[in-house]
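Those protein sequence lines, which keep their order, are chains H and Z. Going by my numbering, the first residue of the first sequence is number 19, and it counts up by one from there. Going by my numbering, the first residue of the second sequence is number 4, and it counts up by one from there.
Be aware that one or more of the hints could be misleading.
What the hints assert, rightly or not - Below, in silico cross-link-like pairs of lysine-lysine (DSSO-like), each with a Cα-Cα straight-line distance of 30 Å or less:
#, chain 1, residue 1, chain 2, residue 2
1, Z, Lys503, H, Lys173
2, H, Lys69, Z, Lys506
3, Z, Lys308, H, Lys72
4, Z, Lys36, H, Lys159
5, Z, Lys36, H, Lys69
6, Z, Lys506, Z, Lys36
7, H, Lys25, Z, Lys647
8, H, Lys234, Z, Lys186
9, H, Lys28, H, Lys69
10, H, Lys25, Z, Lys304
If you're looking for bench data, these hints aren't it; they were derived computationally from the structure. Keep in mind the model is a prediction, meaning the values are calculated, not measured.
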Amino acid sequence: MEHSAAKKMKVRLKIWRQEGPKAQGRFEEYSLDDVLTDMSFLEMLDVLNEKLLKEGKRPVEFESDCREGICGTCSLMVSGQAHGPLRGATTCQLYMRSFKDGELITIEPWRAKAFPIIRDLVTDRRAFDRIQMAGGYTGAKTGPHADANAILISKELADRAMDAAACIGCGACVAACPNASASLFTSAKISQLMLLPQGHPLRKDRVIGMVDQMDKEGFGNCSNLGECEAACPKKISIQNIAIMKREYLKAALSADFREGLSE
Amino acid sequence: MSIELKSGVPEGALNEKWDNYKAHMKLVNPANKRKYTVIVVGTGLAGGSAAASLAELGYKVKSFCIHDSARRAHSIAAQGGINAAKSYPNDGDSVWRLFYDTIKGGDYRSREANTYRLAQNSTSIIDQCVAQGVPFAREYSGELANRSFGGAQVSRTFYARGQTGQQLLLGAYSALMKEVNNKKVELFPYHELLDVVIVDGKARGIITRDIRTGEIERHAADAVVLATGGYGRIYYLSTNAMNSNATAIWRAHKRGATFANPCYVQIHPTCIPVSGTHQAKLTLMSESLRNDGRVWVPKKKEDCKKDPNLIPEEDRDYFLERKYPSFGNLVPRDVASRNGKEMCDEGRGVGDTGRAVYLDFRDAIKRNGEDVIREKYGNLFDMYHEITNEDPYKVPMRIYPAVHYTMGGLWVDYSLMTNVQGLFAGGEANFSDHGANRLGASALMQGLSDGYFILPYTVTNYLGMNSQELLKKVDTKHPAFEEAEKSVRDEIKRLISVGKTGKRTPNEIYRDLGNVMWEYVGMARDEKGLKLAIEKIKELQHDYDTNMMLNDDEALNTNLQVAQRLGDFLELGTLIARDALHRAESCGGHFRVESQTPEGEAKRDDAHFSYVAAWEYKGKNAEPALHKEPLVFENVKLTERSYK
């Protein structure tokens, strides 16, 4: 069998601590002696927090929910990499076997102007919601619709739309980008709805609205560095950004928008 | 106030009831709709879709969730699919058959009319989601693809890779965000409900805590919808998300809403087995895997520690295929779980702990090729590999049952309203449609049926019926709000004050509660164990009240949230045990050791237990009162549920 039994390991942790949004932050160091290689990274932090609570210290605040890589809640910069060293995985899917015995691990929150820190490792990512609000929908209301099979969509298009739709909105793309750009997140939704015929009626408004909102939130521009794609736990392709830029240009140059009819 | 449970099922034949309801319901005229405020708590499939749909109708909606974003609710984790009676594969499916499978799968413990309506709505849900741009899997013809799930002999499950819940939730979330943008929905992320406010017998608001700042707020409304999910996290280890909790429904219960069938808990057969005490949650492997994976254990105990690939065919016991030849590996979840446990109890479990069975894809890979299997289940295989460090393309998965879903919940009538006027419950938070066991791919269906296609009508009917009273607005200065806010503040003060000298962490007490629940109120229950559980929970309650440590901090403090939720779980745990104790029959997910057939299958007792058990709260240390809603079956014949 390939399975190797869990081993014990030691870790040293350098963790960002910050009381509140306006407080001055700092790194603090901790060490744990009885970490198991089969523990997930967040389970290791759970162990640390139990220890801190018992020592009368304030535990480290961090976010997580599903702990199976789909909800997009967990969001840690682990030794300089968004979601840590494992490709195509969220922080909660990272296991201690990815680290060396005695390794010093630095843990920080996402760093971006548009994601202010609430406390310790928890950031406010509501800017993503506001980008979504600005057009990330087809506009279909609840009610009777044509039979689902009345719209035929080729398997290839459906698969490509699904690839883009797999985004979990965690913000790793922003954290990994030197410009703190939200282009990968924004473009994934634009691509999904561009690829599917249901998305076409609001196609222009969507791309203009979402891109403009992204800028308003204070995210930086894309300069094709590709860090976002490398950090993305769902391996969303940077091609989506190319699609978004093309869509934006087409929409902005179209007659409706040029003449301000769509305002 | 005496409680009378009226199901409110409309007149007429089964297939006409919902139409009859809609034909005779009260309406609210478009100009008046904006005068009403509806609070929707929770933004999963049920809450998100209800909030969006109510806003589209013209009501003012206030939508609350505990996460930073409405997109993160636990519906997102559902993997395998959503059922609908579309019958696209032309394999004999129909609304009737989906209804029948669901009611039989639930072991005849659900309300016929509700379950039938669910099956009726199922087809509109798929149309709705496609219109929203949900990227369902498709065939090369461009038509929607289907697969099979447990408890059915037709292929009626629609899916989006292994991320169906995520895609459906993002559909509902996008509709919700559209309405936020339209200023019809006001969104309150990071808000946790801590009390329900009732004025003159009607739900008129809620008390919340902003988990970032600790601020306590009052919110008034004309109706309150709770779509806050199930209570599976009472077992500490479950497939539910870390933040899933019962606080909203429990606090509604304490304010008078009866709690129905709390002992109906679903234990899912295919989860990654427990590996150590550091774990805080377990990971589900989708039921869809049972389409291609074969479940087995070694015939001989001495083979259990061997490399499974070296165990020859004749020494393997494909126990589900052997015992249930017509459904095979696709028996319902409760049957699969119980059989898996039995194999381990016999000493034929595998893995380090001996608490696991194999789910083997060897034959499917041989038959279809690794590529086909990767296309269908790639993300699940990867997930398994990451967690266990074993490659399921090469060695069989090891799986074991884990708590996954709770069929019980707040009692609701046909309109999804609790016995408290104006307080509705949707999705997993209510008890409504799945009886004693839910079939796979039916939770997503129910959440969206409730949110898109039932609550918008029934909330309208309630507002229309009570317009005179509701248009006299209740202010948040009302004494009922004062009192509710004070009780919330007092509780937090008390927790923090005890926390200064307490010696046990919230998670330690919580883990103990989970162990008690799993051991005595888990897959097999008996009178002695259930009574013991009640005693043991009392001890834990004492620890909780007198000896729990907590960091003194009223702003963002995860331990304080855990502690508050734990307090509700402790009380609910006792109720689950009491309900399980009183229901001296086996049905669906509730297996009483004393009530089984000679072959060890669950034995129902229709003569004595064909009812919904709805419990009324009578105080923290008082016996709850039992109310019964008889289940009347006019359309299906109650038989022993057989999958053989």
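Cross-check of the supplied hints:
1. Z:Lys503 to H:Lys173: Violated. Z:Lys503 to H:Lys173 sits at ~60 Å, over the 30 Å cutoff.
2. H:Lys69 to Z:Lys506: Distance ~12 Å between H:Lys69 and Z:Lys506 Cα, so the pair holds.
3. Z:Lys308 to H:Lys72: 39 Å, violated
4. Z:Lys36 to H:Lys159: 17 Å, holds
5. Z:Lys36 to H:Lys69: Violated, at about 53 Å.
6. Z:Lys506 to Z:Lys36: Not satisfied, since the Cα-Cα distance of roughly 53 Å exceeds 30 Å.
7. H:Lys25 to Z:Lys647: 44 Å, violated
8. H:Lys234 to Z:Lys186: Measuring from Cα to Cα gives roughly 19 Å; hence the hint holds.
9. H:Lys28 to H:Lys69: 15 Å, holds
10. H:Lys25 to Z:Lys304: Between H:Lys25 and Z:Lys304 the Cα gap is close to 27 Å, so the pair holds against 30 Å.
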